[in-house]
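Undergrad: Sequence:
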Amino acid sequence: MLLKNGSFRQKIMPATLTLFLGSASIAFAHVKWFSEFSFADRPLTLSEAIGPYFIGFTILTMVVLVAMVYLDEKINNWPLYKRIDEWLSERKKNSLLIMRVVTGATLLLSWQGDAILVPELEVTAGWVGWAQFVLAIMLLFDRLVKYAG
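In our numbering, the protein residues as written are 9 to 157.
Rather than coming from a laboratory, the hints here were simulated on the basis of the structure.
Just so it is clear, CB atoms sit at the ideal spot from N, CA and C, and this is done for glycine as well.
Check the hints yourself; a few may be wrong.
[As the list claims (entries may be wrong)] Label-pair ranges, simulated between beta-carbon atoms:
#1 V126 <-> N102: 49 to 57 Å
#2 V74 <-> G157: 29 to 37 Å
#3 S55 <-> L96: 26 to 34 Å
#4 I106 <-> T24: 14 to 22 Å
#5 F149 <-> T24: 26 to 34 Å
#6 R151 <-> A48: 44 to 52 Å
#7 I92 <-> K154: 44 to 52 Å
#8 W86 <-> V126: 20 to 28 Å
Please put together the full structure from these sequences, using the hints given.
TA: Written out as structure tokens, the structure is:
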């Protein structure tokens, strides 16, 4: 059985993270930048949406998922994998702090840029930016984190 010696988080998540970090490249794209669409267009029916590309990508996704499970089982005993897993496990206690810092930075950048998370979502009401600022400040205090969430 795949997960007989550990949980999902201990086995699959580190392998997936390692794979993505090892293959990451810079991309500046949003789906609307390379898709021709209009919100005024009629939505596709299910039979129109399921075509050769959809079926092909579905099959490809299944093959990749099976391959990743097999690969995860194989790399579990590699020394490099074990070192990375131990290194990340030692820093597990800082994960909440890291999420708070990144979320606060995102909120502050959005507040500064008059946007909501991405530049395309412009803020039209002034109170929204100030709400983002207040939420970012709330993330600095342990007691207020759950309210900021």
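Undergrad: If a hint holds in the structure, say so; if it doesn't, say that too.
TA: Consistency of the hints with the structure:
1. V126 <-> N102: 49 to 57 Å: The hint (49 to 57 Å, Cβ to Cβ) is violated, given that V126 and N102 are roughly 27 Å apart.
2. V74 <-> G157: 29 to 37 Å: holds (36 Å)
3. S55 <-> L96: 26 to 34 Å: Violated - the Cβ-Cβ distance for S55 and L96, about 45 Å, lies outside 26 to 34 Å.
4. I106 <-> T24: 14 to 22 Å: holds (18 Å)
5. F149 <-> T24: 26 to 34 Å: The hinted range 26 to 34 Å holds for F149 and T24, with Cβ atoms some 33 Å apart.
6. R151 <-> A48: 44 to 52 Å: Holds, at about 47 Å.
7. I92 <-> K154: 44 to 52 Å: violated (31 Å)
8. W86 <-> V126: 20 to 28 Å: Hint violated: Cβ distance 38 Å, outside 20 to 28 Å.
Of the hints listed earlier, those the structure fails to meet are numbers 1, 3, 7, 8, in rising order.
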